[in-house]
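Generate coordinates for the entire structure from the input sequences, incorporating the hints supplied.
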Amino acid sequence: MKHIFLFSLLFIVPAIYADELHCKLPDAQVPTDWKTMVSDCTRKMRDQVNMELTAAMTYLAMGSHFLQDTVNRPGFAKFFLESASEERQHALKLMEYLLMRGELTTHVEFDKLIDNPRPLATSWSSGVDALRAALDLETKVTSRIRDIITTCEEPNNKYNDYHLVDWLTADFLDEQYKGQRELAGKISTLSKMMKEHGVLGEFLYDKNML
Numbered sequence: 586m587k588h589i590f591l592f593s594l595l596f597i598v599p600a601i602y603a604d605e606l607h608c609k610l611p612d613a614q615v616p617t618d619w620k621t622m623v624s625d626c627t628r629k630m631r632d633q634v635n636m637e638l639t640a641a642m643t644y645l646a647m648g649s650h651f652l653q654d655t656v657n658r659p660g661f662a663k664f665f666l667e668s669a670s671e672e673r674q675h676a677l678k679l680m681e682y683l684l685m686r687g688e689l690t691t692h693v694e695f696d697k698l699i700d701n702p703r704p705l706a707t708s709w710s711s712g713v714d715a716l717r718a719a720l721d722l723e724t725k726v727t728s729r730i731r732d733i734i735t736t737c738e739e740p741n742n743k744y745n746d747y748h749l750v751d752w753l754t755a756d757f758l759d760e761q762y763k764g765q766r767e768l769a770g771k772i773s774t775l776s777k778m779m780k781e782h783g784v785l786g787e788f789l790y791d792k793n794m795l
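Position one of the sequence shown corresponds to residue 586 (the numbering used here), numbered consecutively onward.
It is possible that part of the hints are untrue.
Only pairs whose alpha carbons sit at most 25 Å apart, straight line, appear in this in silico DSS-like list of lysine-lysine [what the hints assert, rightly or not]:
id: 1; residue 1: K609; residue 2: K663
id: 2; residue 1: K697; residue 2: K678
id: 3; residue 1: K620; residue 2: K725
id: 4; residue 1: K725; residue 2: K763
id: 5; residue 1: K725; residue 2: K663
id: 6; residue 1: K678; residue 2: K792
id: 7; residue 1: K771; residue 2: K629
Hints in this document: simulated from the structure, not taken from any laboratory.
Spelled out as structure tokens, the structure:
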């Protein structure tokens, strides 16, 4: 009984004094003059985080769709699941950039930043249908990135953000254009194969994607 009592104290005593043991530091008085992103530019960058996560969820849904036993297209599943990982990385890169520029601080509500992204759809009629949906999605993502660039390099802005514009152009736009071309090529090849061989063409193309 004595041992049980002592064992209980190990949990009770820390709980009683937990509040007193917290280290309370005053707010750091950090200068803010170094934060030079204009509000419209910051807002659109935060919105782009949501866009990238929505794309990631959509590609995850595509990958899951093609993994179903009733669909069973492992090549398409592999391609779209890899695309989902890429889009998540894009969202993280945007968040890291905003943190580097001091635009994601403790007062920002991260639940609103992420905003519970959902896939744009959960089923597709064929591989071509999914690839067309992916190309449409990537075109919209590219358009949004170009819109950010236009906003952030606007000469009439209080601060023309050359660094962000160069970063988006080099790190994002180049990859977007190459990705769009890749999807367009896949649609072209698969469409021709299905025109000649029907679902067998899709089956063979899927095997080639593994």
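query: Would the pair K678 and K792 pass a check requiring their Cα atoms to be no farther apart than 25 Å?
result: violated (33 Å)
- prompt: Given the proposed pairing of K771 with K629, does the C-alpha separation stay at or below 25 Å?
  reply: Roughly 31 Å separates the two Cα atoms, so the pair is violated.
- prompt: If you draw a straight line from the CA of K697 to the CA of K678, is it 25 Å or shorter?
  reply: Since the Cα atoms of K697 and K678 sit roughly 18 Å apart, the hinted pair holds (cutoff 25 Å).
field: Hint consistency between K725 and K763 [alpha-carbon to alpha-carbon, up to 25 Å]
entry: holds (15 Å)
- request: Measure nothing beyond the straight line between the CA atoms of K725 and K663; if it is 25 Å or shorter, mark the hint as holding.
  value: This hinted pair holds, its Cα atoms lying about 23 Å apart.
message: Between the alpha carbons of K620 and K725, is the straight-line distance 25 Å or under?
response: It is violated: about 29 Å lies between the C-alpha atoms, which goes past 25 Å.
- prompt: Has the given pair, K609 with K663, been kept, meaning a C-alpha gap of at most 25 Å?
  reply: Distance ~49 Å between K609 and K663 Cα, so the pair is violated.
Checked against the numbered hints given earlier, the structure breaks hints 1, 3, 6, 7 and satisfies all the rest.
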